[in-house]
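2 protein chains.
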Amino acid sequence: MKIITEKKEMQQMAKQLQSKGKTIGFVPTMGYLHEGHLTLVRKAKKENDIVVMSIFVNPLQFGPDEDYEAYPRDQKRDERLAETTGVDLLFIPNVSDMYDAELSTKMSVVKRNHALCGNDRPGHFDGVVTVLAKLFHIVMPDKAYFGLKDAQQFAVVAGMVADYDFPVQLIPVETVRDANGLAVSSRNVYLSAREKEQAPCIYKSLLLAKHKIEQGATDVEEIKSAVIDFLKSRTDALIDYVDILSYPELQPLEQIHGRIIIAIAVKFSKARLIDNIIFDVS
Amino acid sequence: MKIITEKKEMQQMAKQLQSKGKTIGFVPTMGYLHEGHLTLVRKAKKENDIVVMSIFVNPLQFGPDEDYEAYPRDQKRDERLAETTGVDLLFIPNVSDMYDAELSTKMSVVKRNHALCGNDRPGHFDGVVTVLAKLFHIVMPDKAYFGLKDAQQFAVVAGMVADYDFPVQLIPVETVRDANGLAVSSRNVYLSAREKEQAPCIYKSLLLAKHKIEQGATDVEEIKSAVIDFLKSRTDALIDYVDILSYPELQPLEQIHGRIIIAIAVKFSKARLIDNIIFDVS
Numbered sequence: 003m004k005i006i007t008e009k010k011e012m013q014q015m016a017k018q019l020q021s022k023g024k025t026i027g028f029v030p031t032m033g034y035l036h037e038g039h040l041t042l043v044r045k046a047k048k049e050n051d052i053v054v055m056s057i058f059v060n061p062l063q064f065g066p067d068e069d070y071e072a073y074p075r076d077q078k079r080d081e082r083l084a085e086t087t088g089v090d091l092l093f094i095p096n097v098s099d100m101y102d103a104e105l106s107t108k109m110s111v112v113k114r115n116h117a118l119c120g121n122d123r124p125g126h127f128d129g130v131v132t133v134l135a136k137l138f139h140i141v142m143p144d145k146a147y148f149g150l151k152d153a154q155q156f157a158v159v160a161g162m163v164a165d166y167d168f169p170v171q172l173i174p175v176e177t178v179r180d181a182n183g184l185a186v187s188s189r190n191v192y193l194s195a196r197e198k199e200q201a202p203c204i205y206k207s208l209l210l211a212k213h214k215i216e217q218g219a220t221d222v223e224e225i226k227s228a229v230i231d232f233l234k235s236r237t238d239a240l241i242d243y244v245d246i247l248s249y250p251e252l253q254p255l256e257q258i259h260g261r262i263i264i265a266i267a268v269k270f271s272k273a274r275l276i277d278n279i280i281f282d283v284s
Numbered sequence: 003m004k005i006i007t008e009k010k011e012m013q014q015m016a017k018q019l020q021s022k023g024k025t026i027g028f029v030p031t032m033g034y035l036h037e038g039h040l041t042l043v044r045k046a047k048k049e050n051d052i053v054v055m056s057i058f059v060n061p062l063q064f065g066p067d068e069d070y071e072a073y074p075r076d077q078k079r080d081e082r083l084a085e086t087t088g089v090d091l092l093f094i095p096n097v098s099d100m101y102d103a104e105l106s107t108k109m110s111v112v113k114r115n116h117a118l119c120g121n122d123r124p125g126h127f128d129g130v131v132t133v134l135a136k137l138f139h140i141v142m143p144d145k146a147y148f149g150l151k152d153a154q155q156f157a158v159v160a161g162m163v164a165d166y167d168f169p170v171q172l173i174p175v176e177t178v179r180d181a182n183g184l185a186v187s188s189r190n191v192y193l194s195a196r197e198k199e200q201a202p203c204i205y206k207s208l209l210l211a212k213h214k215i216e217q218g219a220t221d222v223e224e225i226k227s228a229v230i231d232f233l234k235s236r237t238d239a240l241i242d243y244v245d246i247l248s249y250p251e252l253q254p255l256e257q258i259h260g261r262i263i264i265a266i267a268v269k270f271s272k273a274r275l276i277d278n279i280i281f282d283v284s
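Here the protein sequences come in this chain order: A and B.
Note that my numbering has the first sequence beginning at 3, numbered continuously upward.
Note that my numbering has the second sequence beginning at 3, numbered continuously upward.
It is possible that part of the hints are untrue.
When chains are identical, the list treats them as one kind, so a pair holds in a single copy or across two.
Each computed SDA-like pair below joins lysine to any residue, with the alpha-carbon atoms no more than 20 Å apart [as the list claims (entries may be wrong)]:
(1) LYS113 <-> ALA103
(2) LYS10 <-> ILE173
(3) LYS214 <-> GLU37
(4) LYS145 <-> PRO169
Think of the hints as simulated: they come from the structure by calculation, not from any bench.
Could you put the whole structure together from the sequences, leaning on the hints where they help?
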């Protein structure tokens with residue numbers, strides 16, 4: 003595995019690989035790798051000649067009161083895991099190289115962002131599309147892999163890719179879960195022992211809602227209330243939101259029909275966790 | 003020469019060429035080709051394996067009161083000229099293919115646009131960067147060629163390419179002029195016989211200003227006044243602006259030093275013409 007820290011070098015390498023007819027699979031991450039990331043790598047490995055992973059904690063997508071500084075980092079461990087899992091090129095740029103001048107053209111997300119995490123995190127998705135536009139140009143992937151735990155992020159990025167005809171195919175990958183159902187996340191390390199026991203209830207509450215819908219429930223507010231009650235009675239977490247929307251448009255539902263997402267964000271003492279399920283209702 | 007009208011086909015073709023190690027030179031145009039465009043093609047021809055030209059009158063960069071509908075078009079003539087000059091692939095998409103859905107992410111220019119044409123044409127450069135971001139992804143060029151008659155456009159596009167690390171090298175090409183000094187432009191066809199005689203004064207006035215600076219003139223306002231007087235006394239045109247700024251930042255000058263642009267926009271009865279010269283002052 004080769005480690006690259008300069009964007010110019012990464013881009014030259016990507017150009018060279020492309021001109022030799024090699025396909026590039028890309029796994030963008032913020033590091034502190036877990037089984038979710040490694041699942042993306044394994045899939046990328048199967049479908050491409052070369053797998054590039056980036057590790058970059060992107061300051062632009064953190065709000066002033068968010069955990070940019072505190073975001074967990076462990077580069078040595080990440081390098082080991084990336085190499086073991088089969089990453090060919092590990093791109094770890096620093097902030098001053100990625101943002102080497104004040105932007106003269108801004109990207110702003112205007113659809114799919116006024117919902118879920120977009121409501122609580124103004125500017126978050128602008129930061130996400132900005133760094134991904136850059137990374138897509140630097141890494142020049144044929145395919146890029148994203149976990150569906152960040153389902154809104156996937157919807158927003160898919161919007162940008164379609165808008166600007168990026169020559170990359172986005173591959174959504176199912177959320178990886180612990181045996182107890184908890185979605186794996188870099189932020190899970192911040193859960194207390196007690197919270198760790200409670201956190202699997204998030205996924206349980208999603209399954210509860212899905213079950214209700216499959217049993218014929220049609221009232222969105224009623225289903226949301228049931229989820230909220232379930233979470234309140236079984237966890238100490240504060241509930242940021244529970245919502246049921248169309249996917250990927252993230253619009254409120256007149257009726258529960260078509261592809262939908264049930265999404266949750268909760269705050270434990272030191273970690274904000276999100277989870278969701280996406281399924282088709284006929 | 004192959005003509006391509008679908009963006010998906012163009013992108014597939016570009017991917018294929020790249021994977022075979024072919025370099026792509028790109029000349030984006032709005033058609034109604036003239037010697038300026040053909041000069042770009044000839045240069046691209048020398049420096050790349052394959053030359054792609056696009057012809058697309060981009061509605062997004064025209065204001066509601068501007069000449070989108072009236073912009074001159076002659077596709078058959080363009081095809082002939084492109085082929086004769088050595089274009090390999092001519093990409094002529096239609097508007098509904100290029101903008102097949104409402105944008106979910108907007109690009110807005112925030113630097114280098116509050117000057118010159120940017121003042122009179124709100125949103126113009128947002129439309130320019132939007133279409134070029136798309137075209138760069140569809141055509142996937144190694145090099146893209148732009149005439150310096152649109153010097154502000156070049157500065158803005160160079161800003162976007164640097165901001166988002168587009169894997170393309172921008173090549174600025176000197177303005178092509180008629181023997182009398184008039185910068186060639188698709189809009190020159192709208193000049194009356196009398197205006198055609200007057201229009202070369204635009205370039206003469208630029209040379210006058212340059213001469214003054216080379217002779218030691220240092221007062222920007224004085225030099226601008228001299229240019230305005232010269233134009234008023236020799237043409238019927240209305241003067242939109244005459245300005246002297248740093249290039250490519252397009253900032254007002256404290257002193258005339260470094261790389262500068264002298265730029266002019268005037269309105270004749272049926273055509274708004276622009277011209278400029280860029281040079282270094284030591």
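Evaluated hints:
1. LYS113 <-> ALA103: Classified as between: cross-chain Cα gap 12 Å, same-chain 27 Å, threshold 20 Å.
2. LYS10 <-> ILE173: Intra 26 Å, inter 19 Å, cutoff 20 Å: inter-copy only.
3. LYS214 <-> GLU37: The answer is neither: 30 Å in one copy and 69 Å across copies each exceed 20 Å.
4. LYS145 <-> PRO169: both (9 Å within a copy, 17 Å between copies)
Checked against the numbered hints given earlier, this structure breaks only hint 3.
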